[in-house]
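Listed below, chain by chain, are the residues.
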Amino acid sequence: MASRLDVPRLNYEQVRASANDFLGRFNPSGVIPIPIESIVEFALKINIVPIPGLLRALETDGFISSDFKTISVDQFVLEQRERRYRFTLAHEIGHLWLHKEVFAELEIKTVNDWKKYQSDVDTEAYGWLEWQAYSFGGLVLVPREKLSARRAIAEEKIAREGLDPKTEAAQFYVGKYLAGDFNVSEAVIDKRTQKDR
Amino acid sequence: METLFGEYFKQLREKTGLSLRSFCAAHGFDPGNISRLERGAFLAPESNEKLREYARALGVKEGSTEWIEFFDKAAASRGMIPRDLHKEEDLVRRLPLLFRTLRGQKLSSEALDKVVDLVRESDSHGE
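These protein sequence lines are chains V and W, in that order.
For the first sequence, the working numbering begins at 93 and goes up steadily by one.
For the second sequence, the working numbering begins at 29 and goes up steadily by one.
Read the hints as simulated data drawn from the structure, not as lab findings.
Below are the EDC-like pairs computed for lysine to aspartate or glutamate, each with C-alpha atoms no more than 16 Å apart in a straight line: (1) LYS238(V) x ASP282(V); (2) LYS137(V) x GLU35(W); (3) LYS192(V) x GLU222(V); (4) LYS201(V) x GLU116(W); (5) LYS134(W) x ASP214(V); (6) LYS115(W) x GLU149(W); (7) LYS207(V) x GLU116(W); (8) LYS201(V) x GLU117(W); (9) LYS161(V) x GLU129(V); (10) LYS207(V) x ASP145(W); (11) LYS161(V) x GLU117(W); (12) LYS134(W) x ASP212(V); (13) LYS161(V) x ASP118(W); (14) LYS192(V) x ASP98(V); (15) LYS208(V) x ASP141(W); (16) LYS268(V) x GLU278(V); (17) LYS238(V) x ASP288(V); (18) LYS134(W) x GLU222(V); (19) LYS208(V) x GLU138(W); (20) LYS161(V) x GLU35(W); (21) LYS283(V) x GLU105(V); (22) LYS287(V) x GLU105(V); (23) LYS192(V) x ASP159(V); (24) LYS268(V) x GLU248(V); (25) LYS207(V) x ASP141(W); (26) LYS137(V) x GLU42(W); (27) LYS201(V) x ASP159(V); (28) LYS142(W) x GLU151(V); (29) LYS43(W) x GLU94(W); (30) LYS201(V) x ASP118(W); (31) LYS258(V) x GLU247(V); (32) LYS134(W) x GLU151(V); (33) LYS287(V) x GLU237(V).
Work the whole structure out from these sequences, hints included.
Right, here's the structure in full:
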């Protein structure tokens with residue numbers, strides 16, 4: 093059984109182009125926050141499978157199944173950490189959208205095959221796949237044009253309240269405001285902002 | 029194979045526009061159980077009171093044709109065998125190809141067994 097993966101080495105702009113294709117198809121109205129849960133459950137027909145204790149036992153928020161038909165997710169994250177849950181969905185959909193073909197040649201038929209594949213899989217290839225899906229998640233939930241437009245509105249608000257939007261303190265509030273707007277964590281806003289600079 | 033009731037339940041939920049998370053939060057349901065019900069791992073509940081609670085949450089109007097259909101499909105589904113992951117090929121399809129811990133580490137053999145156990149339990153119908 094082959095565990096060598098032929099991974100495309102996509103750069104950030106290529107992942108951005110894929111994320112924009114995805115949004116064009118599944119969120120044509122451009123509404124934000126991006127309705128990622130509806131897209132996953134109703135448009136893509138993927139079942140959500142809450143798993144109690146997944147994060148505690150295995151230090152992961154969730155994963156997409158090898159047939160790309162279910163996303164298993166830590167039940168606490170699903171119920172109590174909405175922003176983190178939304179990012180998990182967007183990240184896992186990144187694997188579907190970007191990587192489905194990568195796995196087409198694998199022939200995993202038994203649990204032992206699966207364990208062998210997990211042990212043998214190339215770490216560097218894995219790293220690329222994760223980085224691309226992580227980037228895709230951020231780009232889908234926080235598209236560049238929307239981020240830029242909403243940032244301008246947030247900075248205007250801050251300025252009206254007498255703060256210079258360029259200061260660190262003002263940017264802290266802008267980050268909070270944008271995180272609410274896009275329904276993502278402030279860390280995601282930070283990462284997306286850095287990448288768009 | 030999904031039961032007709034599970035599929036029907038999910039279709040009705042889709043009509044409400046509520047995601048699994050929002051639907052369960054709004055009505056106090058356990059998302060693991062609703063997910064199992066929709067995927068056919070749980071059969072429709074025996075309790076009419078529970079069914080009525082579900083039907084109302086799904087926006088089905090009492091006494092309507094849809095209301096009758098909801099209860100008919102529930103009754104029919106109870107004669108079916110709940111879907112399970114006893115077949116190895118079904119279980120393998122549910123396992124992740126990509127699995128990374130938050131620290132980016134590969135899993136040990138014991139941790140991989142734990143993944144298998146958790147996935148199997150997520151479809152367990154308590155037998």
